[in-house]
Amino acid sequence: MQTLTQRLANPTRFMAFSGAILPWMAVASALLIAYAMYLVFFVAPPDYQQGETVKIMYIHVPSAWLALGGYAIIALSSFGLLVFRHPLADVSAKAAAPIGAAFTLAALITGALWGKPMWGTYWVWDARLTSVLMLFFLYLGLIALRSSLEDEALASKLTAVLALVGVSILPIIKFSVDWWNTLHQPSTGFTSSVDASMRAPLLISAAGFLLLFIALHLKAMQNEIMRRRVKAMRVAEVERGDRLMSAGAE
Amino acid sequence: MDLGPHAAFIWASYGAFVLILALLVGWIWLDGRRQARALADADRRGGRRRSSGAAEGSP
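Protein chains in written order, with our numbering: chain A, 130 to 379; chain W, 271 to 329.
Everything labelled a hint here was simulated from the structure, so no lab data went into it.
Note that this is a predicted model, so its numbers are computed, not measured.
It is possible that part of the hints are untrue.
Output of the computed footprint for chain A on chain W, the stretches with three or more beta carbons under 8 Å from beta carbons of chain A [to be verified]:
no.	stretch
1	273-280
2	286-298
3	301-308
Only part of the chain A face toward chain W is listed, based on derived beta-carbon distances under 8 Å [as the list claims (entries may be wrong)]:
no.	residue
4	Phe170
5	Glu181
6	Leu345
7	Val359
Using N, Cα and C, we set each Cβ at its ideal position, and we do this for glycine too.
All chains should be built: construct the whole structure from the sequences, respecting the hints.
Right, dumping it as structure tokens:
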């Protein structure tokens with residue numbers, strides 16, 4: 130019996146499946162984000178130390194989680210491409226890169242704007258901030274490497290290798306606050322000291338942005354599949370023209 | 271809504287966040303329209319992929 134991944138390995142089936150769930154996912158994402166923002170601005174209390182600046186947490190933390198999650202998707206997809214030659218693995222890796230980069234940039238900017246009033250500075254070269262900046266450059270490197278090579282098959286493989294080498298950044302980011310002395314506070318996890326009145330909006334916000342990430346990823350994958358189809362059709366068209374010309378010459 | 275003495279940082283954070291997401295969503299949506307149009311054009315010209323007979327679903 131085929132698994133869901135195997136069944137969706139067929140791009141035509143993937144297009145139909147993603148086309149059916151995308152609108153629902155977009156609506157669910159919008160509703161969750163709207164509800165989260167209502168909780169953030171009208172229900173959640175200010176922090177006893179940080180005051181209202183804690184509101185930045187509700188976008189900063191989900192952005193940081195999705196920055197890491199996006200790279201994990203790229204790494205898994207790259208593994209799927211190199212080991213299993215899954216037909217959609219490269220499409221998934223390519224589609225996830227700009228989305229992950231955008232959430233990483235959002236995490237960096239919101240973090241800097243949270244840092245200034247709380248730490249007195251927008252930026253310090255501590256392990257957490259620096260490793261997230263490296264993640265952002267890694268995303269840019271993956272995008273640049275792929276677009277710098279004309280041969281798509283070669284670009285896919287080289288990008289996948291770089292993505293797998295770069296996956297070591299994920300544990301470094303995750304544990305940087307434990308391994309080194311950082312200005313950045315320890316990770317905000319489900320079991321951390323975040324009060325329930327703030328944890329609920331945080332998790333709802335994270336769920337909303339996770340759905341948005343998935344919806345954007347599916348849409349970007351659809352775009353990439355269409356782009357490859359157009360390219361394949363154009364190549365076939367040129368080859369047909371070449372065959373007709375050589376038949377006419379004979 | 272009183273966001274205290276650091277309101278500017280809070281609004282700037284949300285503003286930057288919304289701007290980044292809006293650009294991302296807009297870019298993906300526009301790219302989708304562009305690709306759909308290009309695919310429709312190629313279909314209209316009677317284009318066939320080399321693989322269209324052998325493997326119907328290849329990307």
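Now the hints, each set against the structure:
1. Judged by the Cβ-Cβ criterion of 8 Å, the stretch 273-280 of chain W is covered by chain A as claimed, because 7 of its residues qualify and three suffice.
2. Coverage of a stretch by a chain is defined here by at least three residues with a beta carbon nearer than 8 Å to that chain's beta carbons; for the stretch 286-298 of chain W and chain A the count is 9, and the condition holds.
3. As drawn, the stretch 301-308 of chain W meets chain A at 5 residues by the rule of a beta-carbon pair under 8 Å; at three or more, the given contact holds.
4. For A:Phe170, the interface hint holds, since its Cβ comes within 8 Å of a Cβ in chain W; the closest pair sits about 6 Å apart.
5. Because the smallest distance between the Cβ of A:Glu181 and any Cβ of chain W comes to about 4 Å, under 8 Å, the interface hint for this residue holds.
6. Interface hint at A:Leu345: satisfied, since its Cβ lies 6 Å from the closest Cβ of chain W, which is below the 8 Å cut-off.
7. Interface restraint check for A:Val359: the shortest CB-CB distance to chain W comes to about 5 Å, inside 8 Å, so the restraint holds.
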